[in-house]
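Asker: Going line by line, the protein sequences match chains A and B.
Every position in the first sequence, counted from 1, becomes a number in the working numbering once 312 is added.
Every position in the second sequence, counted from 1, becomes a number in the working numbering once 110 is added.
It is worth saying that the hints were derived from the structure and are not from the lab.
The reader is advised that the hints may include incorrect statements.
Which chain A residues face chain B? A few, computed with CB under 10 Å, are given here [what the hints assert, rightly or not]: (1) 323; (2) 357; (3) 360; (4) 364; (5) 367; (6) 370; (7) 489; (8) 492; (9) 494; (10) 504; (11) 505; (12) 515; (13) 519; (14) 538; (15) 594.
Simulated DEER-style distance windows between Cβ atoms [to be verified]: (16) A:327 with B:262: 50 to 60 Å; (17) A:527 with B:262: 28 to 38 Å; (18) A:408 with B:329: 31 to 41 Å.
A few chain A positions that, by computed beta-carbon distances, are all more than 12 Å from chain B [what the hints assert, rightly or not]: (19) 335; (20) 349; (21) 510; (22) 523; (23) 584.
No residue lacks a Cβ here, since even glycine has one placed at the ideal position from N, Cα and C.
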Amino acid sequence: MNPSHSVSPHRLRVEDLTVVPPRHIGLWVATALVLALLAMLFWAVGTNAAFDWPAVGKYLFHRSILRGVLNTLLLTVTIMVFATIIGTVMAIMRLSPSRILRTFANAYIWFFRGAPALIQLIFWFNLAIIMPQITLSLPGIGTLFSARTNDVMTPFLTAVVALSLHEAGYMAEIIRAGITSVPAGQTEAASTLGMARGRILRRIVLPQAMRFIVPPTGNEAINLMKATSLVSVIAVDDLLYSAQTIYARTFETIPLLIVVAFWYLAMVTIMSIGQHFLELHFNRSDSGGGGGGFRAALRQAFSLSRGRRA
Amino acid sequence: MTTDREQDFHVPENTMVYARGVRKSFGKVEVLKGVDLKVPTGSVACIIGPSGSGKSTFLRCINHLEDISGGLLLVEDKFVGYDLVDGRLHVVRPAELCRRRADIGMVFQNFNLFGHMTALENLMEAPIQVRGQSRAEARERGMALLERVGLAHKADAWPRQLSGGQQQRVAIARALAMDPKLLLFDEPTSALDPELVGEVLAVMRDLAQSGITMIVVTHEIGFAREVGDQLIFMDGGVVEEAGDPREMLRDARSERTRAFLSHVL
Ligand SMILES: Nc1ncnc2c1ncn2[C@@H]1O[C@H](COP(=O)(O)OP(=O)(O)OP(=O)(O)O)[C@@H](O)[C@H]1O
Ligand SMILES: [Mg+2]
């Protein structure tokens, strides 16, 4: 029975109408269940001796762990820089009027993005089998440089080469999508002002493409950082390899994996924050207020994100 | 050995734009089928014509945004995209093409302001990058131009924050910042709400008085009548009729011109 029907209309006053919020019993039950599960999880993790929290504390800032963190960061940044450069070149080639350049770029992206990173890594690690000697010689001048492949291709360099080429395949697609998202009218307007092709790309197109390039690139950088743990198979002493070296000796496997996870999460968190500020910077022409550069974007960051949610 | 010069084409004196038999094809489709046209220096020419008649294409050929497939198209007695040497046309180097384009301003139907720059930055970009002006110089000049189009108070606004009419006025100021000798307008008011058309036309009227050469593709017959020195009616890729706007609007020679005008008037 509906109560509003039993009230005669002339006794209802508009001012007295109130809204009764609906009861979400299902929501309450689900919340209680989740809380209970969390409590059980914390209890199990806290009391299970295998987690060995004192050991976690002991290794969190251990020298070789910190060196591993540093190497992982160094690897990620170096690879990202090279991947962005190669990716930009490939993206521009894909958009070039020359059929050969376009085909080459397509083939590059198809191959280096398609082949699994681990396989590429092991391939470059075994380069010496194909090419025992690296020689650079020019006709008429003679040999400029010659060395044994295994001396030149240190594990670190191998990792940088293999993963840069792989990552560049992804970056090329991201950058190409960014460039094509900028309307052709922008390039046209700049040409009528007498700007040259390269300058238009640098000053007009790429800055506007950035708002489409930064978010997926942030995801790529985070993925890449985690993927660098692959290099432990070729004995680069990154974060994971450093931890493995220790637990191979001490058998404190679980605590050391927790340490590793902690550092990866910490680095990912910092990268996400950096990405957030970059996005604010490149989206600033959408926000209110005049242009104020990067620092103004930093200052606005918190008030803005609150304003959007409201 | 003969050295042919552009002068040998007998272009009348004080001609800014001279077209004779200009052809342009996109693939198999011939869009311009021999355009003949003369725009004297310092005059205002208005181009009208039905959709698809090749008005935009012709305008874009003038500053070599499109290359032409045949004919003669000179700006101040010179090809824009070519050098004439010994009777042969050589494509100019990109740097030289940029230098020549810098003297020809263009205003687009949909403004094309640089979205990542404020109004003032839009005006400063090319003078700094192309003309090598200092920031201070470019800023001062940019502010003066924004003042001229009545938008000094919007100097720090982003394009997205401006109305269509305001964006178009900034776009005109941006073209003026390069001190062009020739300004091309491609339907500058067609994308605007009716109440915003007036403010843009007012700026263009003011420009026409300043003595700069203007070629305006437009549907604003009133503007053509009032400020145009020449009215050009294009149809099917050729100039069907050209002449004094007031005379032509009163009494066009060509039947097709009369038919078109009866639709738009
Ligand atoms: N880049 C291009 N590729 C192929 N065809 C084109 C291209 N640009 C224009 N055209 C064709 O050329 C013809 C003339 O186009 P143009 O834009 O010059 O006409 P218009 O007179 O400016 O028309 P409107 O009044 O609609 O702007 C049209 O049929 C158009 O489809
Ligand atoms: Mg057009």
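Asker: Was the hint right that residue 492 of chain A lines chain B, CB cutoff 10 Å?
Answerer: Violated, about 15 Å.
Asker: Quick check for students: does the CB of residue 335 of chain A sit more than 12 Å from each CB in chain B?
Answerer: Fine: 44 Å to the nearest Cβ keeps residue 335 of chain A off the interface.
Asker: Measuring Cβ to Cβ, find out whether residue 510 of chain A lies farther than 12 Å from everything in chain B.
Answerer: For residue 510 of chain A, whose nearest Cβ neighbour in chain B is about 9 Å away, the distance does not exceed 12 Å, so it is violated.
Asker: Classify the hint on residue 367 of chain A as holds or violated, based on whether any CB of chain B lies nearer than 10 Å to its CB.
Answerer: 51 Å, violated
Asker: For the hint on residue 594 of chain A, just tell me whether its beta-carbon gets within less than 10 Å of chain B.
Answerer: 8 Å, holds
Asker: Does the interface hint hold: is residue 505 of chain A within less than 10 Å of chain B, judged Cβ to Cβ?
Answerer: 4 Å, holds
Asker: Using the nearest Cβ pair, does residue 357 of chain A come within less than 10 Å of chain B?
Answerer: 48 Å, violated
Asker: Does the CB of residue 494 of chain A sit less than 10 Å away from some CB of chain B?
Answerer: 8 Å, holds
Asker: Say whether it holds or is violated: residue 523 of chain A keeps its Cβ farther than 12 Å from all Cβ of chain B.
Answerer: 8 Å, violated
Asker: Given the hint of 50 to 60 Å, check if residue 327 of chain A and residue 262 of chain B actually sit that far apart at their C-beta atoms.
Answerer: 52 Å, holds
Asker: Classify the hint on residue 538 of chain A as holds or violated, based on whether any CB of chain B lies nearer than 10 Å to its CB.
Answerer: At about 32 Å, which exceeds the 10 Å cut-off, the nearest Cβ of chain B leaves the hint on residue 538 of chain A violated.
Asker: Any CB of chain B closer than 10 Å to the CB of residue 370 of chain A?
Answerer: It is violated, given that the least Cβ distance between residue 370 of chain A and chain B is near 50 Å, above 10 Å.
The structure is inconsistent with the numbered hints 1, 2, 3, 4, 5, 6, 7, 8, 14, 21, 22, although it conforms to all the rest.
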